[in-house]
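Starting from the given sequences, assemble the full structure and let the hints guide the process.
Chains as they are written, first to last, in our numbering: chain A, 1 to 174; chain B, 175 to 1147; chain C, 1148 to 1596.
Quick caveat, the hints were computed from the structure, so don't treat them as lab data.
There may be inaccurate statements among the hints.
Here's a subset of chain C near chain B, in silico, CB distances under 8 Å, partners left out [as the list claims (entries may be wrong)]:
| id | residue |
| --- | --- |
| 1 | Asn1288 |
| 2 | Pro1292 |
| 3 | Trp1329 |
| 4 | Ser1459 |
| 5 | Arg1463 |
| 6 | Ser1464 |
| 7 | Leu1532 |
Cβ atoms here follow ideal geometry from the backbone N, Cα and C, with glycine treated the same way.
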Amino acid sequence: MIPLRALAVAAALAAVRVLAAEPAGPAQPIRFSHKVHATDATIGCTSCHVYAERSTVAGIPSMARCFGCHKFVKEDPANPALDRELKALGPLLREGKPIEWTRVHRLPDHVFFTHERHVRSGMRCQDCHGPVEQMEVVRQVAPLTMGWCLECHHRKQREQAGRARLTDCVTCHK
Amino acid sequence: MRDPSEWPLGRRSFFRIVGGAGAAGVAAGCSPKPAIQRIVPYLVPPDDVVPGKPTFYRTACRECGAGCGVTARTREGRAVKLEGNPEDPVGRGALCARGQAAIQALYHPERFKGPLRRAGGGPAAPVSWEEAEADLAKAIVAAAAKGPGRVRMLTAPEPGTAGAVQRALLAAAGARPQDRVVLDLLDPGPLRAAGAALLGRAELPIVDLTEARSVVALGADFLETWGSPVELARQLADGRTRAGERTRLTWVGPRLSLTGVSADRWLRARSGGEADVVLGLLRVAADPAVETGRSKEARALWPRLSAISTADLASRAGVPWGEVERLGRELVLRRPSAVLAPGPQSQGADATRLAALALVLNSVLGNLGRTLRYGQGGDEDAPSSMAEVRALLDDCARGEVDVLLVHGVDPAGLLPVALGAPAALAKVPLLASFARRPDATTPLARLVLPDHHPLESFGDVAPRAGVLNLLQPVMTPLADTRQAIQVLAEVGAQLPTPAKLASTDPYDLVMTRAGERVASLRAPGAGLPADPAAELRAAREHGGLWAPPPAAVAPALRIEAAGRFLAPGAPRAAEGGGALDLVAFPTALRGDGRADLPWLREVPDTLSSVSWTAWLELSPATAQRLGVATGELATVTTAAGHADVPVYVFPGIRDDAVALPLGAEAAALLPATLDPVSGALAFAGVRATVARAGKRARLPLLEGSPYQHGRNVVPVVTRAEPSPPRPDLSARMYPEPAHPEHRWAMAIDLDRCTGCEACVVACFAENNVPVMGPEAAEQGRYMGWIRMERYLGDEPGGALDVRLLPMLCQHCTNAPCEPVCPVYATYHTPEGLNAQIYNRCVGTRYCSNNCPYKVRTFNWRDAQFERPLDMQLNPDVTVRSRGVMEKCTFCVQRIRFAEGRARDEQRPVRDGEIVPACAQSCPAQAITFGDANDPASRVSQVARDRRAFRALEDLGTLPAITYLARVREEEPS
Amino acid sequence: MSNAATFRSIEDTVRAAHGPPGPLYWLALAVSGGVFAFGAWAYSLVVRTGLHWTGLERPGMWGNLITDFVFWVGIAHSGTLISAILFLFRARFRTAVYRVAEMMTVFAVMTAGLYPILHLGRPWLAHWLLPYPNQRELWINFRSPLIWDVFAISTYLIVSTVFLLVGVAPDAAALRDRATGWRRGLYRLLAFGWRGTDEQWRHYTRAYLFFAAFATPLVVSVHSVVSWDFAVSVTPGWHSTLFPPYFVAGAILSGVAMVITILVPLRRAFRLEDLITARHLDMLARLVIFTGLIVTYSYATELVLAAGEPASDPERSTFLYRMTGPYAPVFWTMVTFNCGGPLLLLVRKVRTTTWSLLLICLAINVGMWLERFNIVVTSLAHDRLPFDWRVYVPTWVEWAMTFGAFGWFFFLFLVGLKLLPPVSIAELKEDAAGHGAHGPDGPAEGSHA
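The structure is reproduced here in structure tokens:
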């Protein structure tokens, strides 16, 4: 079965090359840059995606959270492009309209993925989401296919004893 | 037929609204990938909601008078599952089938979206709350001006703030106390009347079976609807498995009810013969020959009793005297005992006599104050008698009522047609209904003021002294409804003499009142609480205020009053025409017949296995005589009217009786006869003729054969054979799969199980089990993961021997379903679960064919969850699409949740930490779940019981479910 | 025997059969095509909204469709038996009939192969039953009899098709040389460049022998595998070691019966009486008798074994249920047709009279379908837990799909008859030439004529 699995993985990788990970991420309603926030402003992932450590979903920051900072960060005369973006935020704040983000990472409905378990097991966000902190527009880097998940789960299983659940179907499909 | 991909998207859009944070990732179902998904974040995140994590609220159940505490699980701000409140002394964490289903009333598609006004016979049009309330206030003022009695109210029992508010409003409207009529069809009023006559206490005793060694139920189906079923089921079960002597239960009546199935003995008394049975028991209990050290009551009554001819009694009761005498002696020997009567099935025109005799017997046996406890405040807001209801209707019919407020009841639909409620109510100029969704009364209402669902409301319920369960909203209201007490308070405030109320805000009203009661709800002598506010806060968190009840009083029996009940009943008038005794009975699922929620209709009745419709029970002999068979339509005719009902031939009923469940059909057949003393409605004592209608009926029937055909699928144990037969499985050809870490297993004690089906409904709620409707049910397409297998005997025509077997996936160690699946959609997990991976299943259905237990259900079509019922779906469980097989998973989502938590806390999973929905809901605590690898776990201990057996064990499938056989005791020695 | 027939007359007869079809043919074609279309439409309902159109439900999750599957696999068997096994045994009478039998085999397998897919809950995922590497790292379950089926059926389809085409090659050549237009192109294709040289004849005979030898074990294996679908389960009435031989015998019985059912009208319609003679039919009839007796024996064995069990035993109960329950008519019809029919054939008169032979074979076809229905349905309907017992009645949709398959089968067959030579020209010529074995000149000459 081993060569077979190798074959399967090979096929998987091939499939990944072809299908997954389109070069650029989808367009978002505003020009939000993770690079500016995560790298330049050195804000940690979980300070905005607050649920990642304690729930299935990582959570999209609430508008309140955005304006926690942008109450003060209203403009950037040094950088006209950024300045325009920041000024555009003003109305949103006043009208209290939520930003309708376009989803980037999506799993099929029959997959029960939980951020909590992965983050707590010491994985870095980048392991699946890629170097988001360097992205101007977030894009999907990993294929998020079952084979791709299993690669990691199999490795973990080989490394640590008694982790049968890692490759048990009902762990992700209930 | 809606597009299969419609609802998951529907729910996802719902997530977008309240869930935010892309909770769609955990949404269930298989839907085509939409091109673009929007994720809409919160503006301000609610601090009590973590998307993807459940939030729990404590509240209380209002489906019946028992008022059990409830823990509501919510996800992303919507309630998804109701469970009992483990701290509540009534339910102790359990919740019955109707309680579980309450959530479907919350999400019922037909719920009113807002207040309606019907202008002069026209169609009901939406109206603003302010206008509606102003209208009502105006009408009340006008009516009140004409003098008392013009403003009335018909309400369900409201033992709490709601009742107080109603009374306050009526008082402000100048109404007399009797103008507020409280309707509870199943209220055992005669017991109250008998208490007044014999003990000087017009109250219902609190029944406590914990000490009872012997229980006799005469039509009082206390495991289904009578009294506080969840509590009594638990108490009986504890008595059943008590070390040493086992509580013995005897059922007396013309028909074997589900409570009767749990009984050790059934006295087939004829309908109306119950009172004579009690009289007979009394005669035996008071007999000096039976017991020398008699109570003074016994001594006092003996002269009267000894005069009664036992032969007469026996013939009128319809049971051999020997059986009565044996039961009487048993009651004398096994004390304390409890004699419970009347219930709807025994409540006839002389119901008070029956209740009184029962009280006398209890008193003679010294049960008062022990198993029947007085002075513990059973009924704040006691229901009115049917006589008062009829009086109200008569006044309405005479046009003497201008304003009628109807709250929580459906008089036009629920009451016997013979009472002529619809016609009478139509005469009321302004009928205001607080109904949440259309019923038979709302079309007659000028104003429809839809109430919140209890899960959207503040409130409190005091089922008895020492218990105050609090209700609080677990989610924001779905529609523009308004809580009735708020409406009443606001209307009250607009009256010339405003109602005496602290506030119009439900929260304030409830909390003020609760605050007043804090003191009374503390242990005697504990004095006033240091900080009442803190106590209230705690109460809201925990779901109620509880204190040990005041000591029960043992009221003395008024011998002289007792005397007049001792005369034997009038001999029944002999009539021809082959008339039969009509028995109208409530059921655990359908209650008094109003239950119209999908789960309660889809789940088959345990005894008849009929779902969705009413059925007519006839004994085989009678059915043969009338030439009707199961599934045929029969016409039942009584003095009151007639109805066509499908026949179900049932050996558990006397040849001279015919039975059907309460509901529209029963309402059409029951005459408006009342018990003259208590004014209670006479369900029993109705004579009916049955004729074949000559058509086949639509009868959704789950059962194939009700007989075991010598296979002894469900063994019982006796004193002689304390253990069921177990095959020798030592010789095995193949190694068994290893379970290195855990081996999840379950034990079900059939001696505790009452067949109430709370587990079944809980499973529907937890696992998104779809409701397929009556047409599918007729084809036996029942999707329930648990089904009650019910056997009536060994062979057709043999002795009646009812045995229950809750059948669910056995999670076999050697599961026949696993090897035959071509794609590994079903397989054995390292933890011993027999897993089913829906998204891998292609639907060959071989697994089901090869499953000896036939516990796998197939999705023949896409399930429909009509909005907003889809809001109840559990996001932790896939909603299966058509073409895939599904079955019990031991609630794997709960297992995984507990395992995850244990991992976080770096500790092994604790025994009892994982509780599947079925085990959680079981009132009798018959189901145990845990790790069979751990010899110390409760489930392992239970499985070692000598009553243990496994279903079809000789096949060598090695099920993970161990059943403990029901105990059949030989007759008392 | 057709010694009278010359090579040319043989070819003429065959080419006559390929002549422009008469109204009867068109009618037959239209009817079978129509029935098939209706069945296909009925199935489209199932695909669109699910299997709730069927009468299936726990405990019986299989019904008509699986019955049809087993039935058609059975039909497929006689073809290989007649062409391969009888060839190895040098049973000369086969020459006239084996082409029809082989065509029948191929079309029957094509029909049978449909059902496992049609009856799936999610037929659009049928490819998951094939072992192919995928990124999910998921594999098929080789322990499942259904997977064994996949291999058995596909193997059988491939082998029987190849075997048919190999046999056709020389005849196609013979027809090619005298055909015109598109037919010429078709036969050129089927002839695989056949010239009839000694070289080719040598290879041909070897290859033919090889395929005959290769196909023979399949006759036994394929239907044994199918029988395991039931035999390896724990369902009473299915779990029996008798099934493989029982199924194979049944398969051949139904197969040969179907061959006769088709041959009798065929030789009349296509004027093949002097090629497919009464003697051929007689031989086939004897085959029916033989296999019929085996089937009868199997029925008896099953009953005796069940009767030995205690009264409460599910196995015994199931057989009582078959004989006395709601499905009793099915059981008794099956016994009458499958056991009585062959016995009647023992009478020479009955056997040699065409109409009585045809009638009995039709009865056996019906009986064998009922046998499969009896096995599949009654066993499930009467499982271990009496509370679950339920009588399954097929819905009109299931019947439509059942008859649709017959439509599809006969449609293919009718088309096939017009394209492929219904009898083996080459081998008939051999017989005509009276050689024991293929000679260089004999058939070669013919193909050059």
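Violating hint indices (sorted, rising): Failing hints, ascending: 3, 5.
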